[in-house]
Amino acid sequence: MKSDMSKLGHPLSNSLSLSRERAGVRAGLAIALLCICVVVPLLNLTVPPDSAFHMSDYAVGLVGKIMCYAICALAMDLIWGYTGILSLGHGLFFALGGYGMGMYLMRQIGLDGNYRSELPDFMVFLNWKALPWHWAWSESFIAQMLLVVLVPGLIAFVFGYFAFRSRIKGVYFSIITQAMTFAAMLLFFRNETGFGGNNGFTDFKRIAGIPIATPSTRMVLFVVTGLVLVGCFVMARAIVASKYGRVLQAIRDAESRVRFSGYDPVAYKLSIWVLSAVMCAVAGALYVPQVGIINPSEMSPAASIEIAIWAAVGGRGTLVGPIVGAFFVNGAKSWFTVAFPEFWLYFLGGLFIAVTLFLPHGIVGLFRRLKERAA
Amino acid sequence: MLVRWVGVVLLLLCGAAQALTQDEARAVAAGENDERIAALHKALATGDAALAPFVQALLADEVKVSPERVFVMRGGQAFDAVTGAAALLPEGAEDVVNNNRMRRELDAAMAAVRLFSADRNERAAAIALLRDRADEAMLPLIAKAKAAEGDADLKAQLDRLEATVLIASDDPARRLAAARALGASDQSAVRSLLLDRLAAGVESDAQVRAALRASIDAVESRLAWGERLGLLFTGVSLGSILLLVALGLAITYGLMGVINMAHGELMMIGAYATWLVQDAFRAWFPGAFDAYILAAIPASFLASALVGAVLERTVIRWLYGRPLETLLATWGISLVLMQAVRSLFGAQNVQVENPSWMSGGVAVASNLTLPYNRIAIVVFAALVLAAMALLIAKTRLGLFVRGVTQNRRMAACTGVDTARVDTYAFALGAGIAGLAGCALSQVGNVGPDLGQSYIVDSFMVVVLGGVGQLAGTVVAALGLGVLNKLLEGWAGAVLAKIMVLVFIVVFIQKRPQGLFAMKGRSAEA
Amino acid sequence: MTPELMEAGSAAREVLAQRTASGGRSAAFGRSVARAEPDFVHGVALYLDDITVSFDGFKALNALSLAIDAGELRCIIGPNGAGKTTMMDVITGKTRPDEGEVFFGSNINLLRLAENQIAQIGIGRKFQKPTVYEPLTVFQNLELALAADRRVRASLFARLSAAQLDRIGEVLERIHLKSEAHRTAGLLSHGQKQWLEIGMLLMQDPKLLLLDEPVAGMTDEETERTAELFLSLEGEHSLVVVEHDMKFVELLTEGHKKVTVLHEGSVLAEGQLADVQANEKVVEVYLGR
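So the sequences go chain by chain: A, B and C.
Position one of the first sequence corresponds to residue 1 (my numbering), numbered consecutively onward.
Position one of the second sequence corresponds to residue 1 (my numbering), numbered consecutively onward.
Position one of the third sequence corresponds to residue 1 (my numbering), numbered consecutively onward.
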């Protein structure tokens with residue numbers, strides 16, 4: 001009996017195809033790390049600009065930005081693909097993380113702003129004489145980074161606690177997440193809130209004392225973002241493979257049954273919800289120095305809905321899919337807005353429709369099915 | 001200086017009228033301001049009937065001077081200022097320039113003359129103008145005007161004008177009398193005046209202060225009714241708009257379970273249909289322009305219903321039972337629709353005018369005018385609601401819709417073509433969205449983004465009201481409208497909106513099924 | 001209400017009164033009870049007293065009173081709409097009754113606990129429609145149902161011990177799914193899914209099993225095997241089986257076991273199967289007037 005069972009052992013390790021999959025993932029991770037840490041820096045910093053292999057600063061910035069989006073898409077996969085919670089307000093956490101970093105960067109401008117004042121320009125413009133209370137720690141990088149993680153996390157915790165405890169789910173939940181981000185956007189549009197109003201933060205000069213617009217700083221940010229993405233991916237895989245991950249999937253498919261099995265879904269949903277919020281916040285914090293601006297439109301419901309479509313296009317419940325989806329959709333966006341700006345929204349709208357109607361498992365799902373058929 | 005021209009006007013009334021001469025005209029029209037003003041007063045003293053139109057022309061910048069003569073321009077033709085005969089404008093004739101001070105003097109002169117005009121409206125306007133420049137020297141003028149005034153309403157206004165002057169008098173007894181008299185007013189301007197007098201350091205006499213306070217209370221209680229009613233009305237107006245917007249959604253979501261994120265765009269289509277009908281009327285039936293709205297209502301319903309039917313047949317029917325997917329797909333549709341409208345009609349707002357019978361408003365209290373277009377929308381919303389309720393409850397289509405949504409398989413077994421009923425139901429919801437768009441075009445801007453500003457609100461109404469019951473939608477829409485306006489008065493528009501959203505989110509946690517909910521075993525979301 | 005029932009009830013109330021010296025109800029009591037053990041000293045596993053549940057005026061349960069002895073296998077039959085599933089909903093915490101009391105053993109008041117707490121103290125439920133976790137394998141389904149620490153942190157770092165592996169193996173044997181251990185649950189046949197769900201129930205190591213139409217859709221052979229399984233569980237576990245399949249009920253109630261007939265939310269008749277089947281009222285209700 002015992003020898004029987006130990007042969008069964010861990011179910012995943014049994015199948016040959018699964019161990020092949022694991023090897024594939026490991027290879028993929030290695031390639032990704034190589035590209036991020038070695039290839040791209042080489043192509044951008046050492047290869048001369050007139051060479052065909054040169055990777056322009058613009059391209060580096062674009063890929064860096066998309067990697068931030070990919071982190072959000074990964075977070076969305078964890079809550080939607082694996083736990084069945086569709087959030088249409090995760091852009092809020094992304095934006096809050098961005099604003100957290102933005103506050104620090106605004107202070108880093110120091111006396112080099114338009115008004116040559118210790119206070120950020122927009123405060124001088126509003127005739128404020130001192131920093132408001134919520135800027136109290138904005139001088140310190142560490143403190144501000146802690147806020148980047150804690151504030152969105154806390155907000156997510158409070159919102160999620162009340163929502164999940166009242167057993168709000170499905171579409172109702174999605175709609176109120178939309179309301180949440182919409183309300184926050186309205187709040188941040190006001191000048192009195194102290195976040196730069198509808199202009200937000202921009203014109204950054206330095207980060208940690210180092211000038212921000214130089215190729216080397218950009219590359220450092222790029223590499224850090226890439227490493228965070230890889231790290232998040234590895235973490236997500238570990239989560240999904242654990243019993244916790246299976247409980248999440250069980251909650252997605254049959255929540256009341258899970259309850260009758262003795263689990264409290266609220267604790268599970270809340271933990272993954274807060275984790276995904278923090279992931280988005282970190283992504284936002286990495287996004288802002290690379291893009292150079294943050295304003296309340298990042299909190300619009302439309303921005304949050306786009307995160308969902310990246311996950312859906314790539315393939316929900318696959319972890320790799322959302323990353324692919326983020327790259328595909330945002331790559332298309334960059335191309336369209338340059339080549340055929342009129343058609344971008346037709347493409348995006350059409351993508352929403354096509355994916356829900358014809359590609360419920362996304363690109364990665366389609367790929368896998370084709371592979372199965374070929375085998 | 002005021003004394004001077006007032007005295008002059010009195011002289012004017014008592015004295016005989018004399019003609020305005022060229023010299024006098026030129027003295028008023030040209031030269032240094034101080035001299036011009038003096039000349040103006042002198043001219044007033046002579047009391048010429050031609051002075052009033054001349055001053056009028058000066059105010060309208062229609063006067064030109066040459067070294068010898070003064071001309072008034074009318075319709076491009078020059079006329080002699082004194083004789084009124086047509087004349088040739090010489091080379092080198094200069095425009096008369098009036099700075100602000102000059103204008104004030106001219107205005108005052110006009111008002112003083114107009115107090116005795118034969119036209120009632122002119123007299124009312126004159127009183128209003130003089131209200132801003134209360135001075136004790138005006139009292140004899142006012143007294144005379146009161147004596148000559150036949151209209152009771154204007155007489156009351158003159159009384160108030162007198163009191164306004166007297167409230168600043170040097171004599172405390174006069175001030176006291178004035179303070180008491182003003183307590184009978186229901187004008188907010190009077191309240192401001194009284195409050196100013198009561199402000200620190202202005203009024204020294206204790207008795208007068210007490211009288212002022214009493215009068216302020218009296219005026220405020222009269223004003224309060226106007227304010228409360230006004231608030232209620234704007235709340236109901238907003239609520240009626242929300243109702244129209246949410247009604248269509250209540251059908252598609254409440255009855256069919258379809259989350260339609262393109263609902264706002266269906267509204268936008270209705271608004272654009274209204275605009276097209278308006279332009280068509282303007283181009284082909286300009287005489288009947290005011291009736292365009294009657295054609296626009298069915299047009300907007302049909303346009304949106306048609307688009308809705310197409311959407312249902314091509315996209316939505318494949319997603320029944322999958323609300324999250326429907327949500328995403330309809331969001332995509334909304335993007336496509338918005339971009340299509342932008343490509344067809346441009347990204348800017350388009351102009352939609354109210355028909356003339358909907359412009360203006362009815363004055364219900366001194367500080368409250370209810371606009372006709374908003375009243376019309378409240379009535380319209382009520383009619384649409386009634387029509388819809390009747391349709392659902394009394395017609396065969398309504399019966400089929402209810403049957404299909406409650407138990408699809410049984411309905412199919414009894415021979416109902418469920419696919420067609422779905423299309424009709426969705427088209428109905430879409431059509432009502434079109435009607436909402438038509439209504440919105442009358443009170444707001446029409447542009448491709450029209451739907452976006454209402455989508456969150458409309459979903460909030462449906463979520464709050466509860467699914468499956470029209471009554472819930474009605475109560476929620478009206479309630480949210482009134483609540484929003486109440487909070488707005490207190491905290492400003494943005495904070496009010498945020499508070500309403502937070503309130504709904506909190507309410508939903510306590511009562512996830514909404515205000516009026518379907519109860520039963522299958523209450524699992 | 002039979003005299004035994006009343007006695008059991010008052011005994012339970014005595015114990016309850018003793019436990020809470022203040023005589024009042026405190027939240028802390030409810031919480032500690034979730035980890036407490038049910039007390040079967042008085043021989044009663046489950047005790048429902050005067051349960052009434054109404055939905056919008058319609059009485060799904062109407063002053064229902066029922067008692068299940070410890071180790072008993074009770075069959076509950078009745079026409080559709082009699083309130084059988086609602087009764088199970090009340091016991092497992094899915095629905096709160098408007099009136100009445102529910103006790104597990106003589107000491108645990110089920111009305112104070114949440115669904116997952118009720119599951120943790122040893123009441124397992126099998127639904128009418130097999131609800132297994134379709135994308136997971138049979139093994140993973142059973143693993144999730146393990147009676148282990150169900151908190152988040154524990155689940156994150158959970159590793160199956162040898163004892164737990166053995167237990168899963170045991171249950172796999174019992175439900176005849178050993179060979180299908182790594183098949184995706186969604187691909188199982190209907191009958192196999194039913195067994196898997198029963199298996200998941202067993203993994204929880206429940207003291208009371210509530211089985212709602214466990215053999216619906218099964219073949220004759222599967223039905224027989226299921227009956228064997230239940231009979232083997234009787235004694236160490238208490239079972240309440242709701243069924244329509246009279247052959248299955250006959251199989252189960254061999255050896256003088258009690259059958260309860262529900263009708264319109266309350267108990268219509270109770271006793272041996274043969275007696276109940278001969279009962280005039282029961283015949284009327286089942287066959288109509």
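Incorrect hints may appear among the rest.
Here chain C is said to cover these stretches of chain A; the calculated rule only asks that three of the stretch's residues, wherever they fall, bring their Cβ under 8 Å from a Cβ of chain C [unchecked claim]:
(1) 26–36
(2) 241–255
Quick partial rundown of chain A residues pointing at chain B, CB under 7 Å, derived from the structure [said to hold, decoys possible]:
(3) 58
(4) 62
(5) 140
(6) 171
(7) 182
(8) 186
(9) 205
(10) 303
(11) 305
(12) 347
(13) 359
(14) 363
(15) 365
(16) 366
(17) 370
Quick list of simulated restraints, FRET-style, between CB atoms [as the list claims (entries may be wrong)]:
(18) 114/A x 282/B: 30 to 36 Å
(19) 369/A x 291/B: 55 to 61 Å
(20) 59/B x 133/A: 33 to 39 Å
(21) 96/C x 213/B: 40 to 46 Å
(22) 313/B x 133/A: 37 to 43 Å
(23) 321/B x 205/A: 51 to 57 Å
(24) 313/B x 369/A: 38 to 44 Å
(25) 57/A x 502/B: 40 to 46 Å
(26) 321/B x 334/A: 35 to 41 Å
(27) 502/B x 350/A: 46 to 52 Å
(28) 103/B x 213/A: 35 to 41 Å
Worth flagging that the hints you see were computed from the coordinates, not collected in a lab.
Ideal Cβ positions, reconstructed from N, Cα and C, are used throughout, including at glycine.
Do the hints match the structure? See the list:
With a threshold of 8 Å between beta carbons, the proposed coverage of the stretch 26–36 of chain A by chain C is violated, since 0 of its residues qualify and at least three are required. A count of 9 residues in the stretch 241–255 of chain A with a Cβ less than 8 Å from any Cβ of chain C is obtained; the coverage claim is therefore met, three being the minimum. Violation of the interface hint for residue 58/A is found here, the shortest Cβ-Cβ separation to chain B being roughly 26 Å, above the 7 Å cut-off. Hint status for residue 62/A relative to chain B: violated, with the closest Cβ pair at about 22 Å, above 7 Å.
With a cut of 7 Å, the hint placing residue 140/A at the interface with chain B is violated, because the nearest CB-to-CB distance is about 30 Å. With its C-beta approaching chain B no nearer than about 5 Å, residue 171/A sits inside the 7 Å limit, and its interface hint holds. Given the 7 Å rule on beta carbons, the hint for residue 182/A holds: about 5 Å separates it from the nearest Cβ of chain B. For the restraint placing residue 186/A at the interface with chain B, the shortest Cβ-Cβ distance is roughly 5 Å, inside the 7 Å limit, so the hint holds.
A least Cβ separation of about 31 Å between residue 205/A and chain B goes past the 7 Å threshold, and the interface hint is therefore violated. For residue 303/A, the suggested interface contact is broken, since its CB lies about 12 Å from the closest CB of chain B, more than 7 Å. Against a cut-off of 7 Å between C-beta atoms, the interface hint on residue 305/A holds, since the closest Cβ of chain B lies about 6 Å away. Interface hint status for residue 347/A: violated, as the beta-carbon distance to the closest one in chain B is roughly 9 Å, over 7 Å.
Interface hint at residue 359/A: violated, since its Cβ lies 11 Å from the closest Cβ of chain B, which is beyond the 7 Å cut-off. With a least beta-carbon distance of about 16 Å to chain B, the hint placing residue 363/A at the interface is violated under the 7 Å criterion. Interface restraint check for residue 365/A: the shortest CB-CB distance to chain B comes to about 14 Å, outside 7 Å, so the restraint is violated. Contact between residue 366/A and chain B, as hinted, is not supported at the beta carbon level, the nearest pair being about 16 Å apart and thus beyond 7 Å.
Evaluation of the residue 370/A hint against chain B yields a violated restraint, the C-beta minimum of about 22 Å exceeding 7 Å. Our hint of 30 to 36 Å for residue 114/A and residue 282/B is violated, since their Cβ atoms are close to 49 Å apart. Residue 369/A and residue 291/B have their C-beta atoms about 60 Å apart, which keeps the hinted 55 to 61 Å range intact. A hinted range of 33 to 39 Å for the beta carbons of residue 59/B and residue 133/A is inconsistent with their spacing of about 55 Å.
Between residue 96/C and residue 213/B the C-beta distance comes to about 59 Å, which lies outside the given range of 40 to 46 Å. Residue 313/B and residue 133/A have their C-beta atoms about 56 Å apart, which leaves the hinted 37 to 43 Å range violated. Hint check: residue 321/B to residue 205/A, Cβ distance near 54 Å, so the stated range 51 to 57 Å holds. Taking the beta carbon of each, residue 313/B and residue 369/A are about 28 Å apart, not inside 38 to 44 Å as hinted.
The beta-carbon spacing between residue 57/A and residue 502/B, approximately 43 Å, falls within the hinted interval of 40 to 46 Å. For the hinted restraint 35 to 41 Å between residue 321/B and residue 334/A, the CB-CB distance of approximately 36 Å keeps it satisfied. For the pair residue 502/B and residue 350/A, the supplied restraint of 46 to 52 Å is violated, since their beta-carbon distance comes to about 35 Å. Roughly 55 Å separates the CB atoms of residue 103/B and residue 213/A, a value that falls outside the hinted 35 to 41 Å.
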